[in-house]
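Protein chains in written order, with my numbering: chain A, 37 to 432; chain B, 37 to 432.
For the record, the hints were derived by calculation from the structure and aren't laboratory data.
In this text the structure is predicted, and so the values were computed from the model without any measurement.
Virtual Cβ for every residue (Gly too), placed ideally from N, Cα, C.
Mixed in with the good hints there might be a few duds.
Unchecked claim - Every beta carbon over 12 Å from chain A, so not counted as near; a handful from chain B, in silico:
| # | residue |
| --- | --- |
| 1 | I149 |
| 2 | F187 |
| 3 | R349 |
| 4 | L354 |
To be verified - Cut-off 25 Å, straight-line C-alpha distance, at most; resulting in silico cross-link-like pairs (SDA-like, lysine to any residue):
| # | chain 1 | residue 1 | chain 2 | residue 2 |
| --- | --- | --- | --- | --- |
| 5 | A | K395 | B | G99 |
| 6 | A | K362 | A | H378 |
| 7 | B | K388 | A | K395 |
| 8 | A | K325 | B | K388 |
| 9 | B | K83 | A | G406 |
| 10 | A | K388 | B | F79 |
| 11 | B | K85 | A | K395 |
| 12 | B | K85 | A | G386 |
As a plain string of letters, each chain reads:
Number of protein chains: 2
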Amino acid sequence: MNEKQSIVKGFRAASVAAGIKKGGGPDLALIVSDQEASAAGVFTTNKVKAAPVILSQEHLRRGRARAIVANAGNANACTGRAGYLAAKQTAEMVARELGIETQEILVSSTGVIGAALDVDLISRAVPELVKNLSPGGLREAVQAIMTTDSFPKMAQAEGVACGKTYKIMGLAKGAGMIMPDMATMLCFVLTDLAIEGGLLRKALSSAVNKTLNRITVDGDTSTNDTALILANGTAGNGDLSPSDFEGFEKQLTGVLGELAAMIVKDGEGATKVVTIQIKGALSKEDADKAARTVANSTLVKTAFYGQDPNWGRIMAALGRSAIEIKEELTSIWMDDVKIVHHGVGVGMLGEKEAAEIMKNTQFRVTVDLGLGNYEETLLTCDLTHEYVSINAHYRT
Amino acid sequence: MNEKQSIVKGFRAASVAAGIKKGGGPDLALIVSDQEASAAGVFTTNKVKAAPVILSQEHLRRGRARAIVANAGNANACTGRAGYLAAKQTAEMVARELGIETQEILVSSTGVIGAALDVDLISRAVPELVKNLSPGGLREAVQAIMTTDSFPKMAQAEGVACGKTYKIMGLAKGAGMIMPDMATMLCFVLTDLAIEGGLLRKALSSAVNKTLNRITVDGDTSTNDTALILANGTAGNGDLSPSDFEGFEKQLTGVLGELAAMIVKDGEGATKVVTIQIKGALSKEDADKAARTVANSTLVKTAFYGQDPNWGRIMAALGRSAIEIKEELTSIWMDDVKIVHHGVGVGMLGEKEAAEIMKNTQFRVTVDLGLGNYEETLLTCDLTHEYVSINAHYRT
């Protein structure tokens with residue numbers, strides 16, 4: 037996002053260093069809509085849900101909200117009743133300072149699981165946080181929710197509905213504990229489109245399923261995954277026609293797709309983004325299972341890192357993925373270079389070409405199972421020394 | 037195994053450097069029973085099965101065999117029809133040299149997947165291999181089937197049946213691509229017990245399920261997993277009583293358990309062996325699923341490596357493991373130190389004690405789900421820089 041791109045109309049944002057994140061720096065972000073907005077959310081499928089996830093789900097029941105407050109440095113997960121109260125108090129303090137209802141506040145947290153969230157730190161920081169709110173504060177807000185992220189993730193799009201131009205702006209954090217259903221991340225989307233809460237929920241679910249739920253870094257699904265969208269209607273459009281809605285859904289999918297790709301690119305220690313495409317499956321479920329098993333195999337991911345077209349590991353992953361597979365019908369490509377034809381390697385020449393392709397920072401593995409007409413695609417990254425370094429000593 | 041421990045009566049073994057393994061060294065092993073033996077096998081559940089797995093399954097149909105020939109350096113998997121013929125020719129050449137039937141030969145391979153197995157290399161090596169056979173050759177045989185293993189794995193036990201003492205000797209290879217159902221490994225067991233093929237199969241299945249199927253290094257299941265047992269009856273016992281059979285099963289489980297622990301200890305790059313014990317589950321299946329998800333989580337495994345009692349990652353893994361779980365009933369221990377009580381951390385003091393425990397090369401993580409009476413245990417290891425180094429450049 038370059039500097040001339042401004043925030044979406046009617047939204048302000050800010051950040052502050054509240055002292056939650058180890059090592060200091062901004063760690064508390066606030067995004068506020070000037071007027072009440074339609075709101076929707078998609079949350080982690082992990083059965084262990086962080087307190088802010090539970091609270092935000094409650095607050096979203098009406099399909100309306102005004103603000104999102106998010107902290108980094110502490111996930112407020114596995115913190116019991118005290119954790120729930122800490123999330124609620126956070127919402128209350130922000131609501132009081134903004135002069136709005138507690139129910140209009142959505143809360144998100146990311147960071148270490150299991151440590152108590154110190155509400156006093158938040159209490160002391162909220163007045164300054166609210167004072168800092170400005171239409172240009174979004175870039176600071178996204179930086180405040182970074183944990184192991186190495187760069188801030190923002191994407192935007194524009195559309196037209198009922199003759200009115202609207203904007204969509206998405207921001208996200210996430211680099212590890214990333215696994216579809218859904219990626220471990222916080223993702224906040226703002227739009228000035230006027231859209232009813234039910235439709236907004238539908239558009240968000242559809243877009244998340246095609247984007248944030250189709251990436252994996254390490255197969256670990258977090259307790260805090262959250263995607264939120266606020267639509268404040270300041271674009272001034274009227275009721276959406278079916279094609280307006282389709283257009284919005286498409287633009288939203290584009291924004292989330294860009295963010296999803298950024299998350300994988302920033303995968304902890306990752307040096308390569310790899311698209312896993314499974315074709316010719318007997319069912320959509322089989323294609324998805326196969327893609328996930330290949331994308332999460334530590335042996336496949338270390339081979340990506342080593343730039344080694346060790347397709348035997350891909351075959352072994354397919355074979356254990358609990359799908360229908362016939363070895364003698366299966367073919368594999370690296371980008372457009374075929375390395376396996378009907379279950380058998382094509383030989384050293386093809387592998388050499390494939391090894392060249394794997395030197396790139398992005399490439400595609402295509403598997404044709406040769407059984408049916410279903411396909412599915414997933415984004416993953418390689419498994420590196422740096423991933424181990426980052427995660428062996430995350431808390432220390 | 038110390039030097040005075042001799043091979044089981046009526047078996048001879050040998051190894052030779054056939055030139056299959058990159059970098060040279062012994063890579064072809066042969067184990068022969070002087071007389072026909074009862075035989076049974078348990079094989080990979082991967083749907084992509086190596087040629088030697090398919091051939092050995094065919095040869096085992098009669099429940100009898102005389103010899104096992106095994107090579108390292110080439111898995112002979114994903115090699116199509118040519119690979120099957122290569123496995124068959126290997127059996128034929130060994131049978132001819134030994135003067136026995138091809139059907140009496142079991143074949144195993146381990147190494148790179150997808151490369152053609154050069155039968156000429158084997159053909160040239162078989163005469164010397166057979167000539168080298170000796171009662172003391174087992175130690176050389178196990179060394180010839182090592183790939184990334186850092187030490188040879190052998191275990192033994194003794195029992196009494198019908199007043200006759202019998203021996204069980206097990207040998208195994210395996211360090212990576214290790215995941216229950218079953219561990220990626222070759223495991224050969226020899227006994228001089230007289231036992232009928234059906235009973236032998238029953239004892240082997242039972243023992244494998246309690247041992248080799250309860251370990252994981254990286255969650256990857258190989259195309260070549262094989263556990264074979266030959267029982268040649270030279271102990272001279274009569275028909276087994278139920279308690280004789282039970283005794284044998286127990287001794288066999290002990291031998292396979294020792295080998296399983298050695299495989300995890302030798303897990304690629306591993307510095308720690310960790311027992312994951314799940315208690316209080318609603319069903320055996322839930323306990324197993326939970327144990328496997330925790331044991332294979334790259335975030336949990338890197339935390340083991342970092343000696344960090346980051347129990348939030350254990351909770352997150354439990355939460356995504358698709359089992360019944362109530363956060364507020366879940367407790368977690370490192371050895372005997374409780375670090376989570378009813379879903380909430382016990383605080384820094386307990387975690388400091390737990391961090392001390394994690395400095396050991398072996399420790400236990402116990403999770404009590406507090407829901408039911410089922411439990412399950414799994415052995416895993418940590419995920420280290422060395423694992424990435426080994427697997428990024430395995431073929432190069």
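*Hint consistency between K388 (chain A) and F79 (chain B) [alpha-carbon to alpha-carbon, up to 25 Å]*: With Cα atoms ~33 Å apart, K388 (chain A) and F79 (chain B) exceed 25 Å; violated.
*Status of the stated non-contact between R349 (chain B) and chain A (beta carbon gap over 12 Å)*: Its Cβ does come within 12 Å of chain A, the nearest being 7 Å, so this is violated.
*Measure nothing beyond the straight line between the CA atoms of K388 (chain B) and K395 (chain A); if it is 25 Å or shorter, mark the hint as holding.*
violated (43 Å)
_Between the alpha carbons of K325 (chain A) and K388 (chain B), is the straight-line distance 25 Å or under?_
violated (40 Å)
_Is the claim that F187 (chain B) lies outside the interface with chain A correct, judged by CB distances over 12 Å?_
For F187 (chain B), whose nearest Cβ neighbour in chain A is about 22 Å away, the distance exceeds 12 Å, so it holds.
*Mind checking the alpha carbons of K85 (chain B) and K395 (chain A) for me, to see if they're no more than 25 Å apart?*
violated (30 Å)
*asked:* Holds or violated: K83 (chain B) and G406 (chain A), Cα atoms, limit 25 Å.
replied: holds (15 Å)
*Least C-beta distance between I149 (chain B) and chain A, which was stated to exceed 12 Å*: Contrary to the label, I149 (chain B) does not stay out of reach of chain A, its closest Cβ about 2 Å off (not over 12 Å).
*Are the Cα positions of K362 (chain A) and H378 (chain A) separated by 25 Å at most?*
holds (9 Å)
*Does G386 (chain A) lie within 25 Å of K85 (chain B) when you go C-alpha to C-alpha?*
holds (24 Å)
_For L354 (chain B), is the shortest CB-to-CB distance to chain A above 12 Å, so the non-interface label stands?_
The claim is violated: L354 (chain B) sits with its nearest Cβ about 7 Å from chain A, within 12 Å.
*Quick one, are K395 (chain A) and G99 (chain B) close enough, alpha carbons at most 25 Å?*
Since the Cα atoms of K395 (chain A) and G99 (chain B) sit roughly 50 Å apart, the hinted pair is violated (cutoff 25 Å).
In this structure, the hints that do not hold are numbers 1, 3, 4, 5, 7, 8, 10, 11, in rising order.
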